[in-house]
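With the hints as constraints, model all of the structure from the sequences given.
Heads up: the sequence lines are chains R and X, in that order. Counting with numbering that gives the first Met the number 0, you get residues 0 to 741 for the letters of the first sequence. Counting with numbering that gives the first Met the number 0, you get residues 0 to 235 for the letters of the second sequence.
Treat each hint with caution, since some may be false.
[Claimed, not checked] Straight-line Cα separation of at most 20 Å, EDC-like style, residue types lysine to aspartate or glutamate; simulated pairs:
hint	chain 1	residue 1	chain 2	residue 2
1	R	Lys586	R	Asp614
2	R	Lys57	R	Glu69
3	R	Lys213	R	Glu302
4	R	Lys729	R	Asp640
5	X	Lys34	R	Asp335
6	R	Lys729	X	Glu35
7	R	Lys575	X	Glu211
8	X	Lys113	X	Glu35
9	R	Lys711	X	Glu170
10	X	Lys113	R	Glu508
11	R	Lys333	X	Glu35
12	R	Lys333	X	Glu211
13	R	Lys604	R	Asp732
14	X	Lys34	R	Glu254
[Said to hold, decoys possible] Chain X is nowhere near these chain R residues, computed Cβ spacing over 10 Å in every case:
hint	residue
15	Val5
16	Ile53
17	Lys54
18	Gln298
19	Tyr385
20	Gly431
21	Phe439
22	Lys449
23	His708
24	Asp718
[Unchecked claim] The calculated label-pair distances, taken between Cβ atoms and stated as ranges, are:
hint	chain 1	residue 1	chain 2	residue 2	range
25	X	Glu25	R	Gly83	23 to 33 Å
26	X	Asn171	R	Asp718	51 to 61 Å
27	X	Leu231	R	Glu254	31 to 41 Å
28	X	Leu231	R	Lys321	54 to 64 Å
29	X	Glu22	R	Tyr505	51 to 61 Å
30	X	Asn107	R	Asn655	52 to 62 Å
By construction, these hints were calculated from the structure, which means they are not laboratory data. Fair warning: this is a prediction, and the values are worked out from it, not measured in the lab. Idealized CB from N, CA, C, for every residue including glycine.
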Amino acid sequence: MPNRKVTVETARELGLLPEEFEMIKSYLGRTPNYNELSIYSVMWSEHASYKNSIKWLKTLPRKGSAILAEAGTENAGLVDIGNGLACAFKIESHNHPCAVEPYQGAATGVGGINRDIFTMGARPVAQLNSLRFGNLRLDRTRWLIKGVVKGIGDYGNAFGIPVLAGEVFFDDSFNMNPLVNAMSVGLVDKDKVVSAVAKGKGNPVYIVGSATGKDGIHGATFASANITEDSAEDIPSIQVGDPFQEKILLEATQEVIKTGALVGMQDMGAAGIICSTSEMSEKGGHGMRIDLDRVPLRQQNMEAWEILLSESQERMLMVVTKGREADVEAVLNKWDISYAIIGEVTEGDMLEFFYHSELVAKVPASSLVLGGGAPVYDREYREPAYYKEYKKFDISSIPEPADLVDVARFLIAHYNIASKRWVYEQYDTMIGTGNMTTNFPSDAGVYNLKGTNKALVMTVDCNSRYVMADPMVGTMIAVSEAARNISCTGAKPLAITNCLNFGNPYNPEVYWQFVQAIKGMGIACERFDTPVTGGNVSFYNQASIGGKEEAVFPTPTIGMIGLLENKNHHTTLAFKDKGHMIYLIGKSVNDIASSEYLYSYHGIKASPAPYFNLDEEYEVQRVVRELIARNLIQSAHDVSDGGLFISLLECAMPRNLGFDITTDAEIRTDAFLFGEAQGRIVVSVSPSRETQFIDYMVASKVPFSTLGHVTKSEIRIDDLSFGFVADLKKIYDTALEQLING
Amino acid sequence: MKFGVVVFPGSNCDQDTVYVLKEILEQEVVTLWHKETDFDENVDVIILPGGFSYGDYLRSGALAKFSPIMNRVIEFANNGGYVFGICNGFQILCESGLLPGALLHNINQKFICKNIYITPDSKTSALTKYLPRNRVLKIPIAHGEGRYYADKDTIAQMRINGQILFRYCDENGVVSESANPNGSVENIAGVCNERHNVFGMMPHPERSSDDELGNTDGRLIFESLLSYLRDLSKKS
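As structure tokens, this is what we get:
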């Protein structure tokens, strides 16, 4: 075996703790060589092993009658949606690469999450993304957002899957560390799901797709450390994407599956060949003998550990039934995809890697993986002092502005509220001819399941500011908002995937945020009956600048899917006609905590999460779904960022209509219009359904109130004109692009 | 009618086009793999769909013109066969010399995907002859290289020959600079060749042909083409 000297110091350089080095020695019964140590360093990195999070992740509700693959067992969650179909979906972060190389970082993030979906045999049909950036007045932020959006667009547009929904949020806490979370949703016939498993002694192991180079080596380790002034030097850790290769890989794998010759398949993402070989072997209860000389390389002079750890993109590992090689190769040749047999499945659980006819690494597969030998830690946590401080906020300390029209205009033009069209128009949102929201905008993405009566509904949500203020309540709100968006289309929420973006888990106050967030997520997912099907943990989203650690706002992004059983009921957010009545379902609260209004207009950063009650929230959503099913409402849109005023404006703009409403004398007008209390949905009702609507609402016992009516074009509140919708729409549509273009 | 939809490895609107032709317009459709050198003589129309033919890292459509199937498509067009390129297909037809002009990077240097409006210019071509009169069409675009360009003399000639099929306009049909999404010369969104048997357009009619998506303006273009071809077959 090669003999670069390995000591505890070498282990430390590769990001392993001394006690982890001891564990490795005890698994192997000897000191590992450098190749083996490199293998453990990536497989036991936070990114691959979940060692600091798994204990808490296991507390989340993961079971449900529609769940076909429990969290952690396959590359993505799998949910039964009827008609013989299953939906595979997952969200993943690519934060660290994007912080230093936004274009490639974002592009390969899209590539990676899609491979997770099609490695299961599913065809991706929709993409979503959730992005966080710092202050838009900084050149760095503008460089990051331009690169990230172009990266997502260029990759996804060529790959050919539409973006159906997403969110973009700006705050100074993301100045150094942007968050780039990409979600993919795919469809597969329930009985044709492919598993990431290696079994059957003697079956050949194929590497398929791009050649292997030195890109992305130690990417998983890179993603498991702080971003520093020197991070740009880690650029060789960043992979380069090729969407054309990914597209033909998708088509070819779909055809390979049809041959019936495939035993199992896994994509190569973080930790490359070593990750796929070990996870597939462990799952199949077998081992592998791999000859690294046979791996097609794009660079000369690669060492064994470099080949093992390379994160070159657009590669798959396939285990094929022995004797059926010709069937598989015919498909790969048709698509001009390069491939090589690099080894075979063996009995036992040992992974043996040979290079230049020498055994260069020999490790038990089970010792590498989560649930096997990978370490699991119980981390210390402590409530930070700010949490109680934030709760001391009192609305009466904030004077009510005299000019609320001015506040309205401030919020419409605010980057967290204004239209994100500068972003989403760079994405192909219509390819695949399944996007039902292009012409009927809704609170969530709606995908037409052609040939059925159904539509698949999806969203990503998280208000990082609420989670910062109160991680448990803020995360309950993130789940609730996702469910609310899905409910407003008429669909029933089904399941979630999560992307947990936090700072350094070794910081007890950061870890407290994580623990509280998981607790909140568990409670809310139980209530909405939306099990957690998997996802991704991204720690170390913090910068060490001049020795000071700054963590991002904790951001547990929720990706949720739902099912619209009758797509004729698909409900949009848009007001339909003047004269329709406008109602608020849910109760108005004298609350402005953590609102964009308080945070940005008044500049008050310290306040608790907005008003939230899980049971009330659940009832509001149930009632709105029922109103939709009974055809009693014309539109439904939730109240979220920017409060009721912004929601009404968003309802009004698509058809250039206005509204005339009256506020509630019991509540401060600023709180009524701009507060972000949760559990509220704006609906519009045509005169012909009004009696039935009111009868139903009264019987439902859910609070509701009359706001006013839809007008031709003017916006009036308490008889005061707030302007005409066309003028406000212009501000709303162009504010973000003006800021980005500087 | 029988349609042949060409499939390059990076085509990604091929199945959308097949779906519209087969399921919505109930036409016969065959797919033609890029490595094939021949296809059935009875194909009435060849469609080059949208996508990124061979990755298009060089220039959209620059490699596709050398593919085996394109040799046959060019021959088919030269013999008077009907060929219709959408988006990437339009780019390939310009690169192949079957259509005049070229498609440059959008003037804002960004990919743009949104609904836009177009108005027919020539009223005699297969794609426009049977469109409802005085009605603009709402059809989505999705491209990074869609800025149509041809020199002044070529454009003048095309105008005389009725080769300008569609121009970008606003929702009231006004052809203006603000309604031009990508900087195309004279707001040109679609053209045909001199012989009026090869057509190309950047907007995607196949994306606005399904009732379930709430916009069927694109279907009108396919229907015009079908009516035109039926007329022809009646005459012959």
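For each hint, the structure was consulted:
1. Lys586/R / Asp614/R: holds, 13 Å
2. Lys57/R / Glu69/R: Holds - the C-alpha atoms of Glu69/R and Lys57/R are around 11 Å apart, at most 20 Å.
3. Lys213/R / Glu302/R: Given pair Lys213/R, Glu302/R holds - Cα atoms ~10 Å apart, limit 20 Å.
4. Lys729/R / Asp640/R: Satisfied, since the Cα-Cα distance of roughly 19 Å is no more than 20 Å.
5. Lys34/X / Asp335/R: holds, 11 Å
6. Lys729/R / Glu35/X: violated, 51 Å
7. Lys575/R / Glu211/X: holds, 18 Å
8. Lys113/X / Glu35/X: violated, 34 Å
9. Lys711/R / Glu170/X: holds, 19 Å
10. Lys113/X / Glu508/R: violated, 45 Å
11. Lys333/R / Glu35/X: holds, 11 Å
12. Lys333/R / Glu211/X: Status violated; Cα separation ~35 Å.
13. Lys604/R / Asp732/R: Between Lys604/R and Asp732/R the Cα gap is close to 27 Å, so the pair fails against 20 Å, i.e. violated.
14. Lys34/X / Glu254/R: holds, 17 Å
15. Val5: holds, 42 Å
16. Ile53: Holds, because the least Cβ-Cβ distance between Ile53/R and chain X comes to about 38 Å, which exceeds 10 Å.
17. Lys54: holds, 43 Å
18. Gln298: holds, 20 Å
19. Tyr385: holds, 40 Å
20. Gly431: violated, 7 Å
21. Phe439: Check fails; 5 Å does not lie beyond 10 Å.
22. Lys449: Check fails; 7 Å does not lie beyond 10 Å.
23. His708: Answer for His708/R: holds, closest chain X Cβ roughly 25 Å.
24. Asp718: holds, 33 Å
25. Glu25/X / Gly83/R: 23 to 33 Å: The hinted range 23 to 33 Å holds for Glu25/X and Gly83/R, with Cβ atoms some 25 Å apart.
26. Asn171/X / Asp718/R: 51 to 61 Å: violated, 34 Å
27. Leu231/X / Glu254/R: 31 to 41 Å: Hint holds: Cβ distance 38 Å, inside 31 to 41 Å.
28. Leu231/X / Lys321/R: 54 to 64 Å: holds, 56 Å
29. Glu22/X / Tyr505/R: 51 to 61 Å: holds, 56 Å
30. Asn107/X / Asn655/R: 52 to 62 Å: violated, 25 Å
Taken one by one, the earlier hints fail for this structure at numbers 6, 8, 10, 12, 13, 20, 21, 22, 26, 30, listed in ascending order.
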